[in-house]
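A.B. asks: Taken in sequence, the protein lines are chains A and B. If you count by the numbering used here, then the first sequence holds residues 10 to 249, one letter each, in order. If you count by the numbering used here, then the second sequence holds residues 409 to 866, one letter each, in order.
All the pointers check out, no bait thrown in.
Quick list of the computed label-pair ranges, beta carbon to beta carbon:
(1) 566(B) - 46(A): 39 to 45 Å
(2) 588(B) - 57(A): 31 to 37 Å
(3) 539(B) - 160(A): 48 to 54 Å
(4) 759(B) - 232(A): 41 to 47 Å
(5) 235(A) - 590(B): 45 to 51 Å
(6) 667(B) - 232(A): 40 to 46 Å
Derived from the structure by calculation, the hints contain no laboratory data. Keep in mind it's a predicted model, so treat the numbers as computed, not measured. From the three backbone atoms N, C-alpha and C, an ideal C-beta is built for every residue, glycine too.
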Amino acid sequence: MSSAAAPVAGASEALAAFAVVEHAGEGFVEAFRTAEARLAAAGAVLVSPRDTAERAKIALASNAAVLRRAFVAATALASVDAMREDAAIIGAALAAAEIAPYDDRAPAEAIAVGREVAARMRGAIEFDAPWDVEAIADRIGAAAGAARLFGLDAGQARHALGLAATQAAGLGVAEPVSAGYLTRGKAAFDAVEGAALARAGFTSAPAALEGRRGLIALMAHGSAEALIQGLGTHWLSVVS
Amino acid sequence: MRSTSAPDAATGVAAAFAGRLAELARAPLPPPIAHEAERALLNALSLAIGASRHAGVDAIVAAADALGAHGEVAIPGRDKRTDAHFGALAAGFAAHVDDFDDTHLFTVIHPGAACMAVLIALARETVPSGDHALRAFAVGCEAQLRAGVSISPEHYDRGWHITGTCGAIGAAVTAALLLGFDDPALARAVRLSATMPLGHRDAFGTMAKAFHPGKAAANGLLAARSAAQGLDAPLDVIENEHGFAAALSTRFDPQQMIGAPGARWELAENTYKPYPCGIVAHPSIDAALQLGARVQLGEIVALRAHCNPLVVDLMGNLDPVDGLEARFSAVHGIAAALCDGRAGLAQYEDERVRRDDVRAVRASTQLVPDGNIARDAARLEAQLRDGTTIEERVEHARGSTARPLTDDELIAKAYALVEPVLGAESAARLREDVFGLDSAANCGALLAAIVPGIGAHV
Numbered sequence: 010m011s012s013a014a015a016p017v018a019g020a021s022e023a024l025a026a027f028a029v030v031e032h033a034g035e036g037f038v039e040a041f042r043t044a045e046a047r048l049a050a051a052g053a054v055l056v057s058p059r060d061t062a063e064r065a066k067i068a069l070a071s072n073a074a075v076l077r078r079a080f081v082a083a084t085a086l087a088s089v090d091a092m093r094e095d096a097a098i099i100g101a102a103l104a105a106a107e108i109a110p111y112d113d114r115a116p117a118e119a120i121a122v123g124r125e126v127a128a129r130m131r132g133a134i135e136f137d138a139p140w141d142v143e144a145i146a147d148r149i150g151a152a153a154g155a156a157r158l159f160g161l162d163a164g165q166a167r168h169a170l171g172l173a174a175t176q177a178a179g180l181g182v183a184e185p186v187s188a189g190y191l192t193r194g195k196a197a198f199d200a201v202e203g204a205a206l207a208r209a210g211f212t213s214a215p216a217a218l219e220g221r222r223g224l225i226a227l228m229a230h231g232s233a234e235a236l237i238q239g240l241g242t243h244w245l246s247v248v249s
Numbered sequence: 409m410r411s412t413s414a415p416d417a418a419t420g421v422a423a424a425f426a427g428r429l430a431e432l433a434r435a436p437l438p439p440p441i442a443h444e445a446e447r448a449l450l451n452a453l454s455l456a457i458g459a460s461r462h463a464g465v466d467a468i469v470a471a472a473d474a475l476g477a478h479g480e481v482a483i484p485g486r487d488k489r490t491d492a493h494f495g496a497l498a499a500g501f502a503a504h505v506d507d508f509d510d511t512h513l514f515t516v517i518h519p520g521a522a523c524m525a526v527l528i529a530l531a532r533e534t535v536p537s538g539d540h541a542l543r544a545f546a547v548g549c550e551a552q553l554r555a556g557v558s559i560s561p562e563h564y565d566r567g568w569h570i571t572g573t574c575g576a577i578g579a580a581v582t583a584a585l586l587l588g589f590d591d592p593a594l595a596r597a598v599r600l601s602a603t604m605p606l607g608h609r610d611a612f613g614t615m616a617k618a619f620h621p622g623k624a625a626a627n628g629l630l631a632a633r634s635a636a637q638g639l640d641a642p643l644d645v646i647e648n649e650h651g652f653a654a655a656l657s658t659r660f661d662p663q664q665m666i667g668a669p670g671a672r673w674e675l676a677e678n679t680y681k682p683y684p685c686g687i688v689a690h691p692s693i694d695a696a697l698q699l700g701a702r703v704q705l706g707e708i709v710a711l712r713a714h715c716n717p718l719v720v721d722l723m724g725n726l727d728p729v730d731g732l733e734a735r736f737s738a739v740h741g742i743a744a745a746l747c748d749g750r751a752g753l754a755q756y757e758d759e760r761v762r763r764d765d766v767r768a769v770r771a772s773t774q775l776v777p778d779g780n781i782a783r784d785a786a787r788l789e790a791q792l793r794d795g796t797t798i799e800e801r802v803e804h805a806r807g808s809t810a811r812p813l814t815d816d817e818l819i820a821k822a823y824a825l826v827e828p829v830l831g832a833e834s835a836a837r838l839r840e841d842v843f844g845l846d847s848a849a850n851c852g853a854l855l856a857a858i859v860p861g862i863g864a865h866v
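If we strip away everything but chain A, and leave its shape as in the complex, we get:
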């Protein structure tokens, strides 16, 4: 720990930094293009109302417009098979962008970053059988994207990711039905809420993913190092 070599960041710290820094290079350009395509596809879906999302809109106990937008968009996207994978990432980014300073590249950048975090959550660790892996990965990715759009610093982003990790939920039994759509709507809502809380000074576990009683220990098997191997240079989300 006290050697002269540069300290190796833990997975939570590294992903938080990745969420908020500037990106460049071929991998990022490709991820950005994919994100733009996903945004366009989402726009086409969101023009028509979806039953679960319409009911959820009435059910929400918060009248904060940005949270409602995140929840309803993500729930609607999740109810379409082709849009379920990154429903929370896109829903949270669309909502957070509404209160972020205007920047026409920002939503797609946030989605690119969120999708990369989610791809790593799905690919690098193996979740226990009962969990809805896609929903959990989508939630962590949504938090990364929201942290970026909220302009959080790396420390605040770590708290935002920590709040997402400690709320990671999604049951396999509910995945293909309306409760699974709500899980994704809620993930988007929680991502925006978490970013707002972190910006206001709220704290969470510093190593929420790799900690002794963190997400990986409780819900999965696998090494936290794999989560961040090649992060920023190797974009897993565009290697299909």
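Got chain A; can you put chain B on it based on the hints?
C.D. replies: What follows is chain B alone, placed relative to chain A:
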């Protein structure tokens, strides 16, 4: 994990569970349970008021404002209202953040925070009678505890914060009962809440720990309100091999959720902490308070606290530097009890922990682990200036199941929390309104007592 032979196999554990809870809620609460619910409610409300100026509550209020939330739901202790979601989040957070709330010892669930938070968030909108409100609170607590027992102790041991995971279920039940749901809607609310557990123990030591019951309350509200819209989760969401119980524990005993309707109340086992520190140090603090009533501090040369070995393991910090560390220091509890004649929140403030008088007593106190001493017992030996040695023994700590906090002790705790924030008159009103809730026409007086505005508050 499945109980295929049970009568609930077709409709699922959640529906059977909801049916039992609905039976409990339809009958008048047994008087001892009604009284226990009032004690739990007073404890949770006074803690939420006491912690209303915590930095975490400030952050929740700031986030709610930044996101544009607005409404008429009171935040206990504050002159500020918001929507039901953020109101529930703030109240549930504040009731747990000082680690001073109620504890169901077998599950380690703190049931009061989330159900109180839902009650405060919905009372204005649903206008329940006092009796209805108390039943909704009590049965919500009971739902949390029974769900918790069914997956304990493996669930908490693995690293889950059970107050969050099971809290959402209890909160959904309190919300559903306040909203007047029929049995099928209550079952939908339970099923949806089972998809919304939260809480990793890695969050301990940060604000995220108390976020768990706060968000559990908000999740319960969402589950209930979604159920009202006809939304649902699969019938077997709890017992399915890809469901709640299998995801969260290696043990699941559904009979703990659906057996013995009304014959047992887990809520009757709820306990209340007299001191805001780790529970295993409480008997030593009791002994120190007894000792302080017998001799002057200046007469004491040295102390030996004979205690269960867990005290050394869990509360062995001999030289705490701040309030958080002091919560894990048995010798600080003993020192504070002798210096101040009490061990309340004030004795765990950073500045108090660092003063010379308590540092000196801590330095002259030795912990002596003894496997023959029970967890709720202690023996404190004091060597006096005149060469003699005296001793205080505690058989059962205050607040243990063998020696529950009396109503007077609980009321004194509530006053100490509420008075500095809202003033003495509010503290007295709160006590009257909670203990009179079962016969109150509505919750209006109670809601008025938890916010600034009564009498001369400070």
